[in-house]
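From first to last, the protein sequence lines stand for chains R and L.
Straight run, no breaks: the first sequence in numbering that gives the first Met the number 0 ends on number 124.
Straight run, no breaks: the second sequence in numbering that gives the first Met the number 0 ends on number 200.
Don't read these hints as lab results, they were simulated from the structure.
You may find that some hints are simply not true.
Derived coverage of chain R by chain L (criterion: at least 3 residues anywhere in the stretch with Cβ under 8 Å from a Cβ of chain L; other residues may be distant) [unchecked claim]:
| id | segment |
| --- | --- |
| 1 | 46–56 |
| 2 | 105–116 |
Mimicking EDC-like on lysine to aspartate or glutamate, the simulated pairs with C-alpha atoms at most 20 Å apart in a straight line are [stated by the list, open to error]:
| id | chain 1 | residue 1 | chain 2 | residue 2 |
| --- | --- | --- | --- | --- |
| 3 | L | K103 | R | E84 |
| 4 | L | K38 | R | E75 |
| 5 | L | K74 | L | D97 |
| 6 | R | K56 | L | E5 |
| 7 | L | K103 | R | E76 |
| 8 | L | K11 | R | E69 |
| 9 | L | K38 | R | E74 |
| 10 | L | K32 | L | D72 |
| 11 | L | K170 | L | E23 |
| 12 | R | K56 | L | E125 |
| 13 | R | K53 | L | E125 |
| 14 | L | K11 | R | E76 |
| 15 | L | K167 | L | E138 |
| 16 | R | K85 | L | E73 |
| 17 | R | K12 | R | E57 |
| 18 | L | K103 | L | D72 |
| 19 | R | K33 | L | E5 |
| 20 | L | K96 | R | E57 |
| 21 | L | K38 | R | E84 |
Predicted model only: the values in this text are computed from it and were never measured.
Glycine included, C-beta positions come from ideal geometry on N, C-alpha and C.
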Amino acid sequence: MEEKFYSIGEVSKILNIPVTTLRFFEENFPHLIKPLRTKGGHRRYSSEDIKSFKFIKEATQGTSLKKLKEHFSREEENNLKSRVEKIQESLILMDQKLRNLEAQVKKIEEKFQKLEENKKFKRWF
Amino acid sequence: MNFITEFSTLIKIGCPIIGIITTEEQRFANLLKKIFSEKDHFLWTSHLGLVGKEENIYPIEANEAIKKFSTRDEKVYIWLKITENLMEEKNFIRALKDEYYHLKGRNRFIILSSSNFAIPEELIGEIQILRLPPPDENEIQNIIESFFRSANLSFSPMTTAHAVAILKGLKQSEIEFSLKKALLSLKEKGLKGNGSWNQSQ
Numbered sequence: 000m001e002e003k004f005y006s007i008g009e010v011s012k013i014l015n016i017p018v019t020t021l022r023f024f025e026e027n028f029p030h031l032i033k034p035l036r037t038k039g040g041h042r043r044y045s046s047e048d049i050k051s052f053k054f055i056k057e058a059t060q061g062t063s064l065k066k067l068k069e070h071f072s073r074e075e076e077n078n079l080k081s082r083v084e085k086i087q088e089s090l091i092l093m094d095q096k097l098r099n100l101e102a103q104v105k106k107i108e109e110k111f112q113k114l115e116e117n118k119k120f121k122r123w124f
Numbered sequence: 000m001n002f003i004t005e006f007s008t009l010i011k012i013g014c015p016i017i018g019i020i021t022t023e024e025q026r027f028a029n030l031l032k033k034i035f036s037e038k039d040h041f042l043w044t045s046h047l048g049l050v051g052k053e054e055n056i057y058p059i060e061a062n063e064a065i066k067k068f069s070t071r072d073e074k075v076y077i078w079l080k081i082t083e084n085l086m087e088e089k090n091f092i093r094a095l096k097d098e099y100y101h102l103k104g105r106n107r108f109i110i111l112s113s114s115n116f117a118i119p120e121e122l123i124g125e126i127q128i129l130r131l132p133p134p135d136e137n138e139i140q141n142i143i144e145s146f147f148r149s150a151n152l153s154f155s156p157m158t159t160a161h162a163v164a165i166l167k168g169l170k171q172s173e174i175e176f177s178l179k180k181a182l183l184s185l186k187e188k189g190l191k192g193n194g195s196w197n198q199s200q
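All chains should be built: construct the whole structure from the sequences, respecting the hints.
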């Protein structure tokens, strides 16, 4: 049997969820809601997408869209902060490694210089 | 939608109380570790009390354990292995109700697991219930592969697919038990380590 696909208006009527909320869910749960596109670029939702919308609706019951938006933007901010912190940590580590390498290069150069001096001395002798 | 996707969605939304219907505690523990990437947490059971990193409070009632968790911001979640009748205790219901509003949107979670749940009226709409289904095909394949890797045996992909189909619908412990039995029977047939197991065997 051919699978049926629905427009956002139809999904809105079936689930009794405003279109703006559906769009918000789609934007924030791209791993759950994966609509197909018509040639004209319109989204078409599968019955699996409808199940996902229903699941999110039930899980967010009692929370306003405004609160949800606040929650997600806070989440995004926290994620960004922790990513920045991780990048900073790895920069510090890289800096330390670079310094160690520079110190090693310096030691090798010194040894090399001593060897060269020894060679010169031997030749002279 | 599979269990991990549903569970992760509830976490992303910030649902403070999640109830899991399961009898596979060890498997659920492994999934929790995977989902929360080993974040700091408490575990409560009636016989162990409240267990955290390098701490253990015993005895402690479940409602007191929840209150303790509430005051410890560094703990991302508390996992309570409960029995069905605990959901009838007024103190426990009260503690859950209080914490629901306290934890909402804070990315801290109370995870309840039990073989069955009867949600009291006072908590309807505040607890999201998920059922942990038996391992799916990918999970079964991983179990088989890791089991036979540890036994130093190798499987052909066809045999693995055959075994996956046979073991589908079983719990992880049942799958492991079946594999152990299969391994014993192979050993009785004289198969040594580094051998391979063909479907005909």
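Hint check:
1. Coverage of the segment 46–56 of chain R by chain L holds [criterion: at least 3 residues with CB-CB distance below 8 Å; count 5].
2. With 0 residues carrying a beta carbon less than 8 Å from a beta carbon of chain L, the segment 105–116 of chain R misses the three-residue requirement, and the given coverage is violated.
3. At most 20 Å may separate the alpha-carbon atoms for a hinted pair to count; K103 of chain L and E84 of chain R exceed this at roughly 26 Å.
4. Using a Cα cut-off of 20 Å, the hinted pair K38 of chain L and E75 of chain R holds, with the two alpha carbons roughly 19 Å apart.
5. The straight-line distance between the Cα atoms of K74 of chain L and D97 of chain L is roughly 18 Å, inside the 20 Å bound, and the hint therefore holds.
6. With a CA separation close to 12 Å, the supplied pair K56 of chain R and E5 of chain L stays within the 20 Å bound.
7. For the suggested pair K103 of chain L and E76 of chain R, the alpha carbons sit about 18 Å apart, so the restraint of at most 20 Å is met.
8. Distance hint between K11 of chain L and E69 of chain R is fulfilled; the C-alpha atoms sit about 13 Å from each other, no more than 20 Å.
9. Proposed proximity of K38 of chain L and E74 of chain R is supported: the alpha carbons are some 17 Å apart, at most 20 Å.
10. For the hint pairing K32 of chain L with D72 of chain L, the CA-to-CA distance comes to about 19 Å; that is within 20 Å, so the pair holds.
11. Under the criterion of a C-alpha separation no larger than 20 Å, the hint pairing K170 of chain L with E23 of chain L is consistent with the structure, at around 7 Å.
12. This hinted pair checks out: K56 of chain R and E125 of chain L have alpha carbons roughly 13 Å apart, not beyond 20 Å.
13. Only pairs whose Cα atoms come within 20 Å are accepted, and K53 of chain R paired with E125 of chain L is accepted, the gap being roughly 17 Å.
14. A hinted pair counts as satisfied when its Cα atoms are at most 20 Å apart, and K11 of chain L with E76 of chain R qualifies at roughly 14 Å.
15. For the proposed pair K167 of chain L and E138 of chain L, the alpha carbon gap of about 10 Å is at most 20 Å, so the pair holds.
16. Under the criterion of a C-alpha separation no larger than 20 Å, the hint pairing K85 of chain R with E73 of chain L is consistent with the structure, at around 19 Å.
17. Taken as a hint, the K12 of chain R and E57 of chain R pair is honoured in the structure, with Cα atoms around 16 Å apart against an allowance of 20 Å.
18. Taking the CA atoms of K103 of chain L and D72 of chain L, the gap is near 13 Å; set against the 20 Å cutoff, the hint holds.
19. At most 20 Å may separate the alpha-carbon atoms for a hinted pair to count; K33 of chain R and E5 of chain L meet this at roughly 15 Å.
20. For a cut-off of 20 Å, the pair hint linking K96 of chain L to E57 of chain R stands: about 18 Å separates their Cα positions.
21. The straight-line distance between the Cα atoms of K38 of chain L and E84 of chain R is roughly 17 Å, inside the 20 Å bound, and the hint therefore holds.
Of the hints listed earlier, those the structure fails to meet are numbers 2, 3, in rising order.
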